[in-house]
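Engineer: These are the residues of each chain, in order.
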Amino acid sequence: MRCLRVFLCTLVTIGWLDTRPAAAADCADLPSPVFVTGSTAAKPILMQLARYLGSLAAPITIVYQGQGSCLGVDAVLSATLLQGTAVFSTWDSSGTEVKCDVSEVSPVVADIGVSDVFASTCFSLPGGLPTNVADFLGPVQAMTFVTRKGSPEMSISAEAAYNIFGFGNNSGVAPWDDETAIFKRDALSGTQQMIAAAIGVPAVKWRGTGTTGSSDLQNKLVGAMPVEKTLGILAADVAQDNRALLNILAYQHTGQRCGYYPDRDANSNEKQNVRDGHYAIWGPMHFLTRIDGNGVAIKRAAAEVIGYLAGTKTAPAQLDLVAFEAQHHVVSPCAMRVKRDRELGPMTPFTAASACGCYYEKMANGSTACTPCTRSSDCPVQTATCSYGYCESN
Amino acid sequence: MKQSIRAKQKGLGGLPLGIATLAAGCALLAGACSLLLDTSVTQCTRDKDCQSFAGTVCDVQDSVCVKPRDAGTNFAEAGAPVDAAADTCVGPAGCFSCAPSNESEIISHCTDTICVPFDNKRLTLMADDGSLRPLP
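Same order as they appear, the protein sequences are chains A and B.
For what it's worth, the numbering used here labels the leading residue of the first sequence as 1, then goes sequentially.
For what it's worth, the numbering used here labels the leading residue of the second sequence as 1001, then goes sequentially.
What the hints contain is simulated information worked out from the structure, not anything from laboratory work.
As the structure is a computational prediction, the values presented were derived from the model and not from experiment.
Positions of the beta carbon are idealized from the N, C-alpha and C atoms, including for glycine.
Mixed in with the good hints there might be a few duds.
Cross-link-like lysine-lysine pairs, in silico, DSS-like; alpha carbons within 30 Å at most [what the hints assert, rightly or not]:
1. Lys-339(A) / Lys-205(A)
2. Lys-149(A) / Lys-1121(B)
3. Lys-299(A) / Lys-220(A)
4. Lys-229(A) / Lys-1121(B)
5. Lys-339(A) / Lys-220(A)
6. Lys-229(A) / Lys-299(A)
7. Lys-43(A) / Lys-205(A)
8. Lys-1121(B) / Lys-299(A)
9. Lys-149(A) / Lys-99(A)
If we take Cβ atoms under 8 Å as the criterion, some of the chain B residues that face chain A in the derived model are [stated by the list, open to error]:
10. Thr-1088
11. Ser-1097
12. Ile-1114
13. Val-1116
14. Leu-1123
15. Leu-1125
16. Ala-1127
Sample of chain A residues facing chain B (criterion: CB under 10 Å; computed from the structure) [said to hold, decoys possible]:
17. Gly-259
18. Gly-293
19. Gly-295
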């Protein structure tokens, strides 16, 4: 009997030990760590970049904590201290996520704050950003209106969305007049803030059923009834990864008389209407960091990370971010033909120094009508520049 | 007075030409026609849908093929007002056909992508002057 007690006691002890979280590495001890925090939308791209940077002879380790766009902005503007156990992610060379810790006795300041929206959308910044902080623009995201699959609705206007999300049950826009089937995020969500700027309903005034995140919104939308009354908002990457369950609506911006999908049609992926400005609800990812007097990130490794994300640093062949971004439904900066300087602000024409629209299209859709080339002399006059293997217009 | 091609022409067998073209077009433009068949009054959603009607473009507001002059002279396929001074840059259905330089020209630039109009007449609760109501 005594032996049995000892045996059971030993099992209990082992079991107790096993339930404790395994001690993770101290993030600060990893090779050249760059602390990044903010929008969860950036996580897949950061993972892809982390795999490459971690494989260099002088490796750089991206250490990431997802916690929402405006908290990412605040982390840099306010130099908020970060700390915690098993809340920071790094990735090994295969892309497997590995957690690390920052102890409360040695908290760190974020090197890069990631946001889906401009800093001024999160905070009142009448004088703009502090002179020691810069906002580097990265891949472009589109935000979408979605319905549950089976809804007959195909498009929505800015004016209709104003009434639906501004008045809820009293929208006066059939069939979207039942708040139990209309789903919103929260006032700190980059998705909600960007769409709020487009339709003129401040993010804090939205009506509808609240959700805790993209997955929660999607789950609630897919379970809502009746189907024709369903409406929600999602970033295009989430919506397009779930086309079997959701319909993305064409969006008719103020001043337009027709609604457009982010893409050429409801089923393609090349973001044609985002890239040329026909689809209005888009914005770049923002990478905020502290800079020196020359406008360069104070932390050299952070500058390296931002250079790739903003497309200002040429990526090697093994780091094909354009292809990765195309397959994850965000638009590489080099594929854009328009730009804007504030949230939903006026668009102006834009051409990247090394344009990649054709290559992006090829990677997104599997084909492109562009002319392949190896040098610019291969290209016709109208698309005279050979870039990323295709003839691009200047 | 806007007059659609659908109302003016007849096709083979006495069928309205629009219907005959719609049927033929479906064989070639399955994607576009999936939109067309969603409503009995939609003849086109873009200029390409009107190729069977020589010299016509799509009036996206009424979803019918019309002669260019009937197609809403100051609105592009995208629908935004186009700078009247830029007469030489007016493309099919009034879209802006030159290199765009500002937002108005960008959102009204000629495109062959699918568009689906939303009829704002579906908004039933407006302010007395017809504008949007102030938020509560």
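Engineer: For every hint, state whether the structure bears it out.
Structural biologist: Hints and how they fare:
1. Proposed proximity of Lys-339(A) and Lys-205(A) is supported: the alpha carbons are some 28 Å apart, at most 30 Å.
2. Distance restraint check for Lys-149(A) and Lys-1121(B): the Cα-Cα separation of roughly 25 Å lies within the 30 Å cut-off, and the hinted pair is therefore satisfied.
3. At roughly 42 Å between alpha-carbon atoms, Lys-299(A) and Lys-220(A) are farther apart than 30 Å, so this suggested pair is violated.
4. Straight-line distance between C-alpha atoms of Lys-229(A) and Lys-1121(B) comes to about 18 Å, which keeps the hinted pair within the 30 Å bound.
5. Of the supplied pair hints, the one linking Lys-339(A) and Lys-220(A) is violated, its CA atoms being roughly 34 Å apart against a limit of 30 Å.
6. Of the supplied pair hints, the one linking Lys-229(A) and Lys-299(A) is violated, its CA atoms being roughly 50 Å apart against a limit of 30 Å.
7. Our distance criterion of 30 Å between C-alpha atoms is met by Lys-43(A) and Lys-205(A), whose separation comes to about 29 Å.
8. Annotation: proposed proximity of Lys-1121(B) to Lys-299(A) is violated, straight-line Cα distance about 55 Å (limit 30 Å).
9. For the hint pairing Lys-149(A) with Lys-99(A), the CA-to-CA distance comes to about 37 Å; that exceeds 30 Å, so the pair is violated.
10. The interface hint given for Thr-1088(B) is broken, as the beta carbon of that residue sits about 18 Å from the closest beta carbon of chain A, more than 8 Å.
11. With a cut of 8 Å, the hint placing Ser-1097(B) at the interface with chain A is violated, because the nearest CB-to-CB distance is about 14 Å.
12. Given hint, Ile-1114(B) at the interface with chain A, holds; its Cβ is 4 Å from that chain's nearest Cβ, closer than 8 Å.
13. Against a cut-off of 8 Å between C-beta atoms, the interface hint on Val-1116(B) holds, since the closest Cβ of chain A lies about 4 Å away.
14. Checking Leu-1123(B) against chain A: minimum C-beta separation of about 6 Å stays under 8 Å; hint holds.
15. Because the beta carbon of Leu-1125(B) sits about 3 Å from the nearest beta carbon in chain A, less than 8 Å, this interface hint is met.
16. The closest approach between the C-beta of Ala-1127(B) and any C-beta of chain A is roughly 11 Å, which is over the 8 Å cut-off, so the hint fails.
17. The interface hint given for Gly-259(A) holds, since its Cβ lies 5 Å from the closest Cβ of chain B, which is under the 10 Å cut-off.
18. Given hint, Gly-293(A) at the interface with chain B, is violated; its Cβ is 34 Å from that chain's nearest Cβ, farther than 10 Å.
19. Proximity of Gly-295(A) to chain B is violated relative to the hint, the smallest CB-CB distance being about 28 Å (cut-off 10 Å).
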